[in-house]
Each structure stands twice: as C-alpha cells, then as structure tokens.
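Student: Chains A and B, in that order, give the protein sequences. The opening residue of the first sequence carries number 5 in this note's numbering; numbering runs sequentially from there. The opening residue of the second sequence carries number 5 in this note's numbering; numbering runs sequentially from there.
A portion of the hints provided could be inaccurate.
Because identical chains share one entry, a pair is satisfied inside a single copy or across any pair of copies.
Stated by the list, open to error - Result set (SDA-like, lysine to any residue): computed pairs, CA atoms no more than 20 Å apart in a straight line:
id: 1; residue 1: Lys541; residue 2: Ser357
id: 2; residue 1: Lys110; residue 2: Glu172
id: 3; residue 1: Lys688; residue 2: Gly83
id: 4; residue 1: Lys248; residue 2: Gln723
id: 5; residue 1: Lys248; residue 2: Leu235
id: 6; residue 1: Lys727; residue 2: Ser357
id: 7; residue 1: Lys90; residue 2: Leu685
id: 8; residue 1: Lys727; residue 2: Ala395
id: 9; residue 1: Lys333; residue 2: Tyr468
id: 10; residue 1: Lys688; residue 2: His462
id: 11; residue 1: Lys90; residue 2: Val680
id: 12; residue 1: Lys333; residue 2: Asn619
id: 13; residue 1: Lys688; residue 2: Phe80
id: 14; residue 1: Lys90; residue 2: Asp65
id: 15; residue 1: Lys688; residue 2: Phe579
id: 16; residue 1: Lys333; residue 2: Gly572
id: 17; residue 1: Lys304; residue 2: Tyr340
id: 18; residue 1: Lys248; residue 2: Ser238
id: 19; residue 1: Lys248; residue 2: Arg589
id: 20; residue 1: Lys333; residue 2: Glu682
id: 21; residue 1: Lys688; residue 2: Glu714
id: 22; residue 1: Lys333; residue 2: Pro389
id: 23; residue 1: Lys90; residue 2: Thr681
id: 24; residue 1: Lys333; residue 2: Phe571
Note that these hints are calculated values from the structure, not bench results.
2 protein chains.
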Amino acid sequence: MMRIAHWLAGILLVLATATASAAESRDGLILTQAGVERIRAELGNLPLLDATLEQVRQEVDAEIAFGIDTPIPRDFSGGYTHQRHKANFFALQKSGALFKILEQEKYAIYVRDMLFQYEAMYADLPLHPQTRSYARGKLFWQCLNDANWLVYAAQAYDLIYDWLSAEEREQLETNLFRPFADHLSVDSPQFFNRVHNHSTWGAAAVGMIGLVMQDQELIDRALYGLEDDGLDTSAVDNDGGFIKTEGQEAGFFANLNEPFSPDGYYTEGPYYQRYAMYPFLIFAQALNNARPDLGVLDYKDGVLLKAVDVLLNLADADGEFYAINDGQKGMSIQSYELVTAVDIAYRYGGEDSRLLSIAQQQGRVQLDDTGYAVAAASRDGLALPFEKRSANYSDGADGDEGGLALLRYGDEELSALFKYSAQGLSHGHYDKLSLALFEHSDEVLQDYGLARFVNIEHKGGGNYLPENTSWAKQSIAHNTLVIDQASHFAGSYEIGSQHHSQLNFYDASNPAVQVVSARENNAYPGTELLRTIAVIKDAALAKPFVLDLFKASSATTHQFDLPFHYFGQVLDTNFDYEAQQPLARLGDANGYQHLYLEAVGAPSAANAKFSWMSNNKFYTLTSVVEATDALLLARLGANDPQFNLRRDPAYIIRRPAAEQALFASIIEPHGSYDRVTESALDSKSHIASLSVVTQEDAYTAVAFELTTGERKLFIVANQQPAKAAAHALRIDGADYRWTGPFLYTDR
Amino acid sequence: MMRIAHWLAGILLVLATATASAAESRDGLILTQAGVERIRAELGNLPLLDATLEQVRQEVDAEIAFGIDTPIPRDFSGGYTHQRHKANFFALQKSGALFKILEQEKYAIYVRDMLFQYEAMYADLPLHPQTRSYARGKLFWQCLNDANWLVYAAQAYDLIYDWLSAEEREQLETNLFRPFADHLSVDSPQFFNRVHNHSTWGAAAVGMIGLVMQDQELIDRALYGLEDDGLDTSAVDNDGGFIKTEGQEAGFFANLNEPFSPDGYYTEGPYYQRYAMYPFLIFAQALNNARPDLGVLDYKDGVLLKAVDVLLNLADADGEFYAINDGQKGMSIQSYELVTAVDIAYRYGGEDSRLLSIAQQQGRVQLDDTGYAVAAASRDGLALPFEKRSANYSDGADGDEGGLALLRYGDEELSALFKYSAQGLSHGHYDKLSLALFEHSDEVLQDYGLARFVNIEHKGGGNYLPENTSWAKQSIAHNTLVIDQASHFAGSYEIGSQHHSQLNFYDASNPAVQVVSARENNAYPGTELLRTIAVIKDAALAKPFVLDLFKASSATTHQFDLPFHYFGQVLDTNFDYEAQQPLARLGDANGYQHLYLEAVGAPSAANAKFSWMSNNKFYTLTSVVEATDALLLARLGANDPQFNLRRDPAYIIRRPAAEQALFASIIEPHGSYDRVTESALDSKSHIASLSVVTQEDAYTAVAFELTTGERKLFIVANQQPAKAAAHALRIDGADYRWTGPFLYTDR
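Next up, chain A with everything else stripped away, as it sits in the complex (with noise of 0.2 Å):
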C-alpha cells in the first residue's frame, strides 16, 4: 500500500492509511488485493484458471522437488546453465503466484531462496564468458536474457514482499536488484537506450523492479530512458541493426511510439512481436495498476490492445504466425506471451468475447487478476468465434511508411499475405512487394523463415545462423522481383531503413475479389516497381485463386528474376525442361550462391504452366512469358557446408534483358489427391490461357480464359487509385467503363 501511495496521492494520505493493514491490503503489480480475493473466492468453479493453477502448481512441485540450481553461468542458449536460468526465473514467478494464491509458505520459501542464492553471487560474477554479444549480460550470454530473467523476477519478488523482513529487502535490493537493473541500463546503453524489442525488455526489467522497489529514479529510467548514454550513432548489434540514430528516443514510450504503427502493425513482424508483447503488456499492466495516471493502455490510441488483435489475426488457420522478416515457424497463438496478451487485451480493451475462444485454445491464463476476468467470461458461455481477416496495416510510427496486406478469402480458403512494409528494424528482410500464400495453414506460397534453431544448442548455439543474412534474409529468398541478381537496397540495412514501400490501394470491400497494389520505387534505384495482387472467388471455379501483375519499369537494360517458391513435388510443366548434371549454383552472391540449379526451361507458348502438388493439393502457375524467358528450377542447399538450410524447391521466371517487364500470372489451387482412396480430384488446371491485353502507364489489363471457354478479364489501375474515380479503357475494340480502381469482368 505504502508503494502505491506514493504515486496516488501523497505523504498525507499514505500516513492516514498506511498503518491499517499493511501486510494484507497492499497491491501487487499484476495481482491486486481485491484480484487475489475474488479468486480464492471462486477456485474450483473458474475451469480455465483451475487448469492453469494446477499445471503451476505441478511444474512448480517438481523445480522444488529438484532443488535451486544456480549454476556459474557457460552456455549458449541451448546449453544447460542457459535452460537452467531460463527455467529459474519462469520457477520464481509462478512459485510466487501459488503463494498469493494457495497462502502456502512453501512456495514463498522457495522464491526466498532461491533469489538469496542469486544475491550471494551476483556481486562477484563477471560478465558472461561467451562473448559473442554486442550486449552481454551476466547470467546469460546477451542482456536480452538477463532482462527476461528481472521481468519475471521482479514479478516474484513483488508477490512476497510483505512476507519478506525489512532487512531482507534491503539485501536483496542493494546486492542484488539494483545492480542487476543497472547493468541493463547505464551499463549497457547500447542494449537499453534503443528503439528494439530487446531495449523494450530492458525497460520493462528495470521499470518492474522499479514499481517494486519503489525507486523512481529505476522508473523513470525505464519509461523514458538514459539521457545521456554516450552511443554512437555508427555501431550495430549483433544482427547488423544500428544501436541508435540521431536524435532518437528511448524507453518504454519510445518503444511504443516508434514501432508500433496506428493501426497496431509491429514494425519488426509477429514474430518478434510475440516476443516483445510481454514485456510491453506486463509491464503495462503494472504501470496501469500503479501509475493509472500514465494512461498506458490508452497511449497512442490504445495501440498495445490493439497491437494484440493484429497479432492474433496475422497468424494461419493453425494459429501459426506468418514468418514476416526473422520469424520462426511453428510459434503460435498458444505461447505464453500470447496467454498473457489475450488475458490482458481481454480485460483493459472492453472485454472481446471473441478473445475468449481463444484463451480456450490456448486451454490456460494468467494466474492474475486479467485470467480470472477470462475464466470467469469463459466459464459464463461468453466466448464468440475468432474470426481471422482481410485487412490492411499501416507501417511506421505515424502509419506513413507503407504496410501489410492480407486478403483471405471464405474460412481461410485462401490467403495472400502481401508486405509493403518499412524494414522491420535489424530482423527486416530485404522484400518488397513480396507475396506468401496459404490455403488453410498449407503453406502454397513460402516465406523461407528466419535460418536459426532457437535454442537448439548444436546448431550456433542456438543463435542466428550465418545463413540468415546470406539467405533468409535475401530478396531471392522470397517470393518478389530481383533485378540483375541482386537484393533490394543492395542489401543494405543502412539503404533499406531510409525508404519504404507505397500502396496504391487496397480494396477488399467484396469479398469476391479483394485486390491490394503497391509500388516501390526505392529498392533498385532508377527502377519503378508496382505489384497488384488481387484473390478472386469466380463462380466457374472450385477454388479461389490469385491475379498477380508485378511490373517493374525502368530506363535501363535489367535482367528480372520472378521466384515462387513452393513446396512439394513437381507435376508436370508445358515446357520442356533440361536437367542438369551436375548440380550447379545459380550465382555467387545475395542469396543466389545458396540455389542449385536443377532444371532449365524454355516457353514452348505464351503461357508457361507449372504445376505441383502439395499436402495432397494441387497447384497450378499460369504465366505470360516471353520467348526469351528461361524458367529455372531451383533447389536450396549450396554453399551450406553446415547444413543449416532446408532443401526447398523453387520455380524462377527469369526474362534475362529488359528495361520494362509485366509478370503476369494466375496461381490456381485445384483439387485434391486422397491416399487412401488413390483418387486424384480435378487435378488439372481450368485456366486455358492468359494474356497481357493493355500494357500502359495508367492501366494493366489481363485477359484469360477457362477451360470451359468463359473468358475473364482484370483491369488495374495503376495511378489514380482513388475509389471514386472514374475510369474508361479500350480493349480490343470494346470499351469498359468502371468506377474505383480495379474491374473484374466476365469478357
């Protein structure tokens, strides 16, 4: 109570109070007085919460059962003192939950004991042996860690504060917390004092410990950050992104402010974001509780709640993030992050039903004052569908620097995820105007991912491999344009912060036929890229399928790499193709040393048609293509004398000479083979050919035909874009008049 006060009102109100009920009646930071009675209260009738507290309540039996191990920290982050640590401060934040909650002494003996063991180390322990970090810490190899490590302690020691002595606060604060919250900070600028989610959990860390210890200074440290850190504005972390740049805020709200964008789009990408939500909502969540004054939850428009709804809708039908920039695949909606981000989205953001069946996914909640009020939601039948779709997100701070687009179609029949985003920091990938696309949570269309085994300890040590920068992160890595085998910006971290991608428009207005364009102009100087992509449902055909035109202008001579990159096997193609033997790499430089090279075609027609078969499904690409175009097929796995790559195939449209270049192309799923019955459902395209009918600056008109002989056409417009305009165009000796910025037509 006495540290509540403090930021309440003031000295005269705390001496009127404090002396009532001091033990009893002072909040925690995440589990209030009034919380912990409620759910007492209501144990054994709260189904999500009960799960919960007796999964803790195991895990926590079992560390005890175990004993406290604090080793001298060694490893990387697979390695046992990592884990180890790791597994420690998870242990004393759920240790402390039990004690608030259960009132059995022994999980409070056990956080004492446990953070006693830490403070009679830490005064002595160096920096961490491994030295790889631009940041290191001191339980572990990177501050990043440490930081984990005082968020959750932090937490731990709040919820037995009271039951601890004076004289033990005292010691653990002075040789322990302080120290550690000031090696994150002053003595580590270069990890505290920047816009990045590691910096968001350094503030975080320092700023719990804060609230506990009731040290302003520790607080405002972590809202707003070092004043005078000394950095230089030329030095990189690990990842090759810049520490700081001119003039830039630091802290929590400059954390907030800068990465997040209006609509809640987290420059960095979900994944990432799922890793940062935690420390931004934990620490929100306390703040809320004892500096209501702040407005946390309602900064920049409420951009944390609204942050969490866009990273539960930028996920597949599996509820697996889409692996925008360094993302790992497989994470999902069932991590803890999420658990905590949902249980707090639910509570302070006006209580969605719909996040409610997905905390029923997720079959658990926090064990605080948000996971009773979604417990106690759900145990009342309050829960609604979460349905995943379309939307646009701005990226940048202010929502001017470009964005991510998602069109799905029915119950995630079909969804194209296009980015047109800024650079996501140093976990961007160098991708403008790439496509990935999903039917269900097949993935049709890949983003490669980020090339790491998090916390696998033989690979790296867990960390980033060097194949990320080489590969995961090239432009050939992803499925966009790349002229004359090179990245876009040069690969350049430096180039590619300065610039974005613009929409043109999106409009998925009728489900039907949702269609999003973009341009950019910065990633090949002298170049003008502009890429529509549009989902289409037309009655004719089983299956939604994708419209894509990339156009790319320039002055000058380029050759223009088009890669899809599938999964599965081959079927069959229209061309003929040779194999090639031995297997050579395709280039030597941006991604382009990492392919073989297996096959080698050339158009036979028009139309070059490609097409595979994956999970059971059928795919087909349908392209316009130029005599002199070669279509390669291409294999990851060279210059990979680790093995640190997957063997995933790729199909690359390459026109070798040109200044003005139309990829147009229709990538059709059709059917399905059932193994058990051997039967091959339509496994054969229903696009009988397509065409390039206007080709001009204002406006790109395809044409195609069905098997059935229905003919299609699609107009874009490429420069005035705005719904109410107003547009005519002659093709063919038809005219076609239309309002808005696209038509799509039967012909």
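Given chain A, put chain B in place with the hints provided.
Tutor: Here is chain B on its own, set in the frame of chain A:
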C-alpha cells in the same frame, strides 16, 4: 434359392423347394435374405450401419443425378474415362445394396440401365487403345481394372437378379457378362493363369459372375485356373515379373496357397495384400454362402482370416501400412478393402472384439450380413482396443522362405521392421535384411516405398514410373548393406525369386530386449550377411533404442555401403565433412545414379556420431567406424529428368575395401523440440562410446558406455541360436555365461 440349391444338394431337393417362394427367398451372394431382414428390422438402431447407409445413399443419389455415362475407353489411370468407369462399378454395387435394403426401385433401375448401356457397347468394344499393358482390358487399359469392374458388377447384378426378367438376365449374360469373363480368362491367360494379385482379381471376377450365373464352368475356371493356357515360362509382365513358372497351378486356390504363408503374411507386402484382400474375401464370402462344402474360410488353417490380423498389425500408429516392396505411403486401414476385411474377419473369424475398435475408426461397415454383425456388436459396446504387437511372420507358401519381423516397444514408442523375406513376386524390392524404423507414426529410417503417383495422370498416366525400377527397388534405396555398388541378386528378379533369407532367431519374449537375427548368403554370391537387430529399453534412458549389428564375410575384398535413410535436417556430427560443389552423382547404376553426394566426411574417432532432427524430435546414430571409412551425406534427385523422386536425404557409412566387415551402430531417438516454447529437451546423445569387443564366427559382442558412465554389454550367438542353448564367453578377462541366443547386461 435355385442357385444355392444347385450347390447344396441335388436336383431332387431343388425340385421339392424351388417353387415355394422363388422371388423372395433366393439368397444373394453377400446379402442373404435373412441378413436383409435383420438389417431392415434394426435400421435406425445400428449407428455404424446407419451412417454407412446414409453416406452410400448420398453418393448413389449424386451419381443418379449426374446421370449414366459409359464413355468410349481412352485414358490411363488418372484420366476421365478410367475414373468414370471406376466410379461406375462402385456405384453399381452400392446402388444394388441400397435396392436390396431400402426396396426403392430407382436403385434397381439405375443398375439395370447402366448394365444395359455396357451391354450395348461391349460386343463391339476393341481392346483398350493404350497398349502399355501386358494384358489389355476393354474398359480399362489393363485387364486388372476390367476384373475390378466385374467383381463389383457381378454383385450389382446379383442384388437385382430377382427383380430382372429372365429375358433381361439372358441378354446381359450372353452379351456382357459371359464375354467379359472370357476376355479376363481364356482370352488373357497371361493375366488370369498365374499367382499374382492380378490373377486373384481375375479369379474373383470370373468366379463371382459364375456364381450369379450358376455357370459351373466359370466357377471351376475361377477356382482352379485354365487347364491349358499355352503360356511361355519366359514371359514377363509390365513389372518384370514372370507370368508363370514351370508346373505352377493357377486360380483362386493356387493364389491362396502360394502367396500366403501359414502365418498369413502375403508375400507381396501389405500394400498389395490390401489390394488383393477385397477379391479374396468377397469371393470367399460368396463361396462361403454358396459353396460351404469348399470350406474356403478354413482353407490352409484359416489363412485368409489370419491374413487380416497380419495386415492390421503391419501398420504404423496412424494405421498406415508399412511400405514393404512396392507400396504407396498413406494407404491405411481406412481403405474400403479393409472395411470388407475387418467385417468379414469379425463375422467369420470368431467375432474378435478387437476388430470392432478398428471398425469404429473406419466409421463404416459393409452393407451386408458381416457389416450387420459388426454394427450390432459395436452398438452393444463389445469393442476392445486393437493393440499392435511384436511379431515374426514367416514368408512362403509353406512358411519356410524367410520372413518379416516386427519389434515393437510400448505403445508403438519404437517399431523396428526387419525384412528377411522371399522376393515378394514382381512387386518385390532387392532389400534383404533391411530395416525400417518408426517412432509412433513418424518414419525414423524410411523405406522409400514405390516411385509412382497412383492415379495421378500427369505422372506417367498414374502408373509405375521408370524410377520405380531404377531407384525404389534397388538395394541402396533401403536401409541395408550394399556391396560394390550392386544390388542384391544383381537386381535380377529371376535370381532373387530363387532365394530367401534365413532366420537365425527371433525373441521378443522380454519387451525390454527384443532381438531378431537373420542371414542372407545369396544376395552376393560368396559373401555371407548376418544382421542382428535389437530393440532395447534400458531403464537408464528415457526412450528405447536400436542396436544394429550387420556382419559381412567374404573371401575377397569388397566395398561395403550401409545407408541410413533418415528424414529432416542434420544437427551435428563428431567428424569433419566437406560439402561438395558442384553436386555430382554418387554412381552410375543400381540406384546410385539417383543420389547426389552432398558431403564427404572422415572419422575422427573410433565412433562416428551423426545427429539429426525430424518432426521436432532428435536422433543420433553412433557407429563403430574404421579410420579408412568414408561418411557420405547424400541426397536423392540425380538423373531424375521428370522430377519423379522426392529429395530425401541419406547418410551412408562406406568401408572402401574389406573382406570381413562388422557395422555396429546404435540408433538412438532422444528428446524433442517444442516450437512454441522453443525449448529443446534432451537434444544430445546419451551414448558416450560404442565398441566391438568380440568378433568371432560364433559370437559378436559390443560394449557401450552411457554419458552417465554406466557400461552395457550385448552378445549375440551367431551360430547356436536355440532358446535352451547354454553359452560362455570370456571378454576382457571377465566370464559371461548365459542361456539363449543373446545376452544384454550391465558390465
């Protein structure tokens, strides 16, 4: 009734009863009059049968709505005319059953009209225009599919037999069924008169229609084959299998006699057993009704019903059949043939309640007497779990041609499949003493299966691809020893068919140490091969592992390659290797021409350790190696001009020149990875060292040490495998005495 009486008694009895209730009392082949009445009486109270009936009704109604189409034959397996005629015969049989049970005349009309449409076209129908088959059909490109048609059409005819007029029956039999049966038999002896799954279909087709038509000549032809077929014993079929060997019998009984071992193992393997089970069993069921005097289901000690049990046991934890010999992965107990098999085995095989749980997984039953029995017992709660188990199945008509052993630990935690069988007819692979390994349903060490996209027209018409011969059948495509880069029996079917491996011993009596051992002396003339596989669950390790001892002895020097066909990504090795660039093929023939050499390593110690991750689980192979061994990392895909092969990896231990070789390895599953918590559990091998301590003609012994320091010893008796045999062996000064073919002990 007339027709049954024909078999049961004599003319007198017939005369006495035939006129009593002709139309109503006539028993059908698979749906007896009493059975129909039982079903009708309990409709709505038989969940499995009710669900099936509803499903079938929907299917047939959709076909009736689609209309009858009997197109002029034109296509291979994946094409329209093939698929249409195939859909037709299923619809015929189902519509007939619906008519019988529901008594709705539209179903009889549909059958009649379609049969007459076939009748109208059949007389003038030439051989199918596709000429690839060694035995061309008329409706389909191969007689096999015509036989499929007749097996179903005969049932449909039987089900509406009484409803048709005598004139209609006469017309159908004269113009359609009799010539159809003749084409499959007297006109195609190379198809009909052999021992092969094709001929089983042929016999069932001719026999089923013979039973309906009461044509004793056709029935005898089906049961006993053609007396004079004029076949040349040097003729081969499309798979390279011999049509006929000297003195071989033919017909249904011969096909029961030869391919089934007394244990019920079918020599072609489970994929083709599944395919053959339908004609075997449906014809047997019909014979059991019409000719109980033949005792078909008791034949060869009830081998047909035993075979169902074997087939169900030869599947992984998901019910998918092991890909022994030619087998398409994914085929499972969910196939319609298995519905038939399970229902008939239940009804006539002593009502084994374990089969009911399989039927419940299948979710449907046959619409006949057997399906009624299963549905009623299932409804009555009699189902018991079908627990799959370790087993040793003999191969060969008399059970003396090698066999197939299955060592399983726990609830399919680890299943090792060891093949020491005969050739397996024309679908057999050259993989003597090969191993396949499964962790639950995950393939740890794979058998490639077949190289074919069954019924997917793009890929070679859906038929076997050239790579099935050049890769899938070759020894190097399997986890077995390859000498001098040549396949077993020089890849010759003629040679392979003359030999089989020999069991040394099989002992699965102790679940914690299950061992099988077999030798092969003919695969490479002059070289004796002996492989011993042990599945061991040691209390010191969390997961069971495989100990693999492969011994080769020759008087001359050879190169030995032992491949391990793993899945997933390399994590770590304890040896250095050099990645190759460009990628060249590993050899020129015998499957080697399809492998790229990705890297070459050399041992750095007495053990080579190779770790990989697959399906988020960890595996380590620890092998005793010699300094001159080469450790090859290979990748499938060379010489694959149509991309017919998967790009699967292999790890090969090569001993370049030796007369005697012992490959001793531990294949160790350990731990798992969680992509949501990003935690790697137990990611490292627990085997500190492995060594060969005894290498004599009589005994092979290996010792190994765990990372905990515990030391283990395994001794196998190579020559005196009797259960009661007493053994003594001195190793490193210690005396070991034991009884039985092996010893596993602490050291």
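Student: Work down the list of hints and note, for each, if the structure agrees.
Tutor: Status of the hints after comparison with the structure:
In this assembly of identical chains, Lys541 and Ser357 lie within 20 Å of each other by CA distance neither inside one copy nor across copies; the values are 30 Å within and 49 Å between. For a Cα distance limit of 20 Å, the shortest separation of Lys110 from Glu172 inside one copy, 17 Å, qualifies, whereas the shortest one across copies, 88 Å, does not. In this assembly of identical chains, the alpha carbons of Lys688 and Gly83 lie at most 20 Å apart only when taken from different copies (10 Å versus 50 Å within one copy). When the C-alpha separation of Lys248 and Gln723 is checked against a cutoff of 20 Å, the pair qualifies neither within a copy, at 37 Å, nor between copies, at 74 Å.
Taking the shortest Cα distances, Lys248 and Leu235 sit within 20 Å of each other inside one copy (7 Å), while across copies they are farther apart (86 Å). In this assembly of identical chains, Lys727 and Ser357 lie within 20 Å of each other by CA distance neither inside one copy nor across copies; the values are 33 Å within and 67 Å between. For the homomeric pair Lys90 and Leu685, the shortest alpha-carbon distance between copies (13 Å) is at most 20 Å, but the shortest distance inside one copy (50 Å) is not. Only within a single protomer do Lys727 and Ala395 lie at most 20 Å apart by alpha-carbon distance; the minimum there is 17 Å, versus 71 Å between protomers.
Proximity of Lys333 to Tyr468 under the C-alpha cut-off of 20 Å is restricted to the intra-copy arrangement: shortest distance 14 Å within a copy versus 35 Å between copies. Only between protomers do Lys688 and His462 lie at most 20 Å apart by alpha-carbon distance; the minimum there is 9 Å, versus 44 Å within a single protomer. Taking the closest pair of Cα atoms, Lys90 and Val680 come within 20 Å of each other only across two copies (15 Å); inside a single copy the shortest separation is 45 Å, beyond that limit. Proximity of Lys333 to Asn619 under the C-alpha cut-off of 20 Å is found in both arrangements, the shortest distances being 17 Å within a copy and 13 Å between copies.
Taking the shortest Cα distances, Lys688 and Phe80 sit within 20 Å of each other only across copies (15 Å), while inside one copy they are farther apart (50 Å). Only within a single protomer do Lys90 and Asp65 lie at most 20 Å apart by alpha-carbon distance; the minimum there is 17 Å, versus 61 Å between protomers. Proximity of Lys688 and Phe579 under a CA criterion of 20 Å is satisfied intra-copy only: 16 Å inside one chain copy versus 47 Å between copies. In this homomeric assembly, Lys333 and Gly572 come within 20 Å of each other (Cα to Cα) both inside a single copy, at 17 Å, and across copies, at 15 Å.
Taking the shortest Cα distances, Lys304 and Tyr340 never come within 20 Å of each other, neither inside one copy (25 Å) nor across copies (60 Å). Taking the shortest Cα distances, Lys248 and Ser238 sit within 20 Å of each other inside one copy (8 Å), while across copies they are farther apart (81 Å). Taking CA atoms no more than 20 Å apart as the test, Lys248 paired with Arg589 passes in neither setting, with 38 Å inside one copy and 50 Å between copies. Taking the shortest Cα distances, Lys333 and Glu682 sit within 20 Å of each other only across copies (11 Å), while inside one copy they are farther apart (31 Å).
In this assembly of identical chains, Lys688 and Glu714 lie within 20 Å of each other by CA distance solely inside one copy; the values are 17 Å within and 59 Å between copies. Proximity of Lys333 and Pro389 under a CA criterion of 20 Å is satisfied in neither setting, with 24 Å inside one chain copy and 36 Å between copies. For a Cα distance limit of 20 Å, the shortest separation of Lys90 from Thr681 across copies, 12 Å, qualifies, whereas the shortest one inside one copy, 49 Å, does not. In this homomeric assembly, Lys333 and Phe571 come within 20 Å of each other (Cα to Cα) both inside a single copy, at 15 Å, and across copies, at 18 Å.
Taken one by one, the earlier hints fail for this structure at numbers 1, 4, 6, 17, 19 and 22, listed in ascending order.
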